[in-house]
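What the sequence shown shows, in my numbering, is residues 1 to 466, in sequence order.
Fair warning: there could be bad hints in the mix.
25 angstroms max Cα-Cα, derived DSS-like pairs, lysine-lysine [what the hints assert, rightly or not]:
1. K319 - K388
2. K146 - K57
3. K345 - K464
4. K388 - K345
5. K57 - K13
6. K13 - K24
7. K9 - K24
8. K388 - K24
9. K319 - K24
10. K57 - K24
11. K9 - K57
Please keep in mind that the hints were generated in silico from the structure rather than gathered at the bench.
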Amino acid sequence: RHATTITVKSGAKRDGRLTAVQVKFVGDTGAYASLGEQVMTRVATHAIGPYDVPNVKVDCYAVHTNNPPGGAYRGFGATQAHFAAETQMDILAETLGLSPFEVRRRNALRVGGTTITGQVLRESVGLLETIDRVEAAMREAQEAEKDITLPSHVRRGWGMACAYKNVGLGEGLADSAGASVEVTREGRVIVRAGAAEVGQGLMGVAAQVAAEELGVDLAAVEVILGDTSQTLDGGATTASRQTYVTGNAVRHAARQMRSSLAGAVAEELGVSPDALTFDAGRVSTPDGRSVSLARAAELAAAEGRELRVDYVYTPPRTKPLGEGGDMHFAYGYATQAAQVEVNTKTGEVRVLQVIAAHDVGRAINPLALEGQIEGGVVMGLGYALLEKFEVEEGIVRSDSLARYKIPRVNHVPHIVPILVEHPAAEGPFGAKGVGEITSIPTAPAIANAVHNAIGLRSFSLPIKVP
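Based on the sequences and whatever the hints tell you, model everything.
Structure below.
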């Protein structure tokens, strides 16, 4: 991750509505350019957080040093930008004597709002609901603890932060992905996609999308990912894109396969293809007659129909920064609240719980999504309190896990995932990607909680309490 120095200046009315924001970023890209320009561009486009501000000026620089190169890391620059933006929003709320929730609510992006790049948001903006649901859950948690007595040297506090993050590469870049769906004569479904599974849950998403379209049980679906001898190009597993683009490729391929099978069955049973339903591994007519999916495949093959469909999905076109129009085809939105406990004698900061509401578009696999949120929160906790990449005169000092601290199981707080659904019309069943945004608001929420507990405002990470 690029170490970044950030300066923020904000103007607002007494009611908390932002009128202008000016931001300067200087990122350490190390001795080589690597992805410095791309990361710092993303820093710039997320500079003010998920807010609609009429006047914005952002200067962003990637500078060469004799340090190791900075590169792509979860959040791709939006993480650094949101830490500054959400710290600033808390300072603004405190200065004006307003609730941190209310200040964010009054400035939040919503349908019809405009992003920092001038993109008008036409749908799928669930930020306000994430704010409302986190505030309600936090108030409930506070009420449950109102009678707790703590030692005089232990203080507790709550903090919150919002975030948004693009789905897909955007910026006019090629963002397509391909997938294949095959139905065997035994009635099994094979999904092939070139995308990489790195733990984000794509294998489950692909299986569920195909199963839903073809009306079969998940156990009947086999998914093959990343085998270049069998699959179409899926593009990079980055930018929270694979559920959206590969999910859509699978869905369209499955729909075409369904249409082909329906045509064959319709001829056999003497009905219109549109009258057929696919469910429980069978293809049925309105009057109750049916054939198995295996029989449907046999009929299709006998007619010379292909039992495999390849499909390359291309998302809505985007435009590079500065050209106007849509820079990205979708965004995810989130609000998180963190409760911390600070020992003023030792300086120890413990995160007790995190409430995390995320607009996911549509939850294809709710359990996996909750796991994604939990993992992102823990990663954000490490960023906030533990992880420090130490370099002295160009030499890495934190060169092992003995020196570079990461979260352990005893650091994991109670996490309350809240799934908010504002479907994206182009997404598979309305889904959007959440691979990055789950870790973005955690660090500023924790920092704001520390301030709420002991009055210490942290302007750098990891947070240190003297």
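Checking against the hints above, which ones are violated?
1, 2
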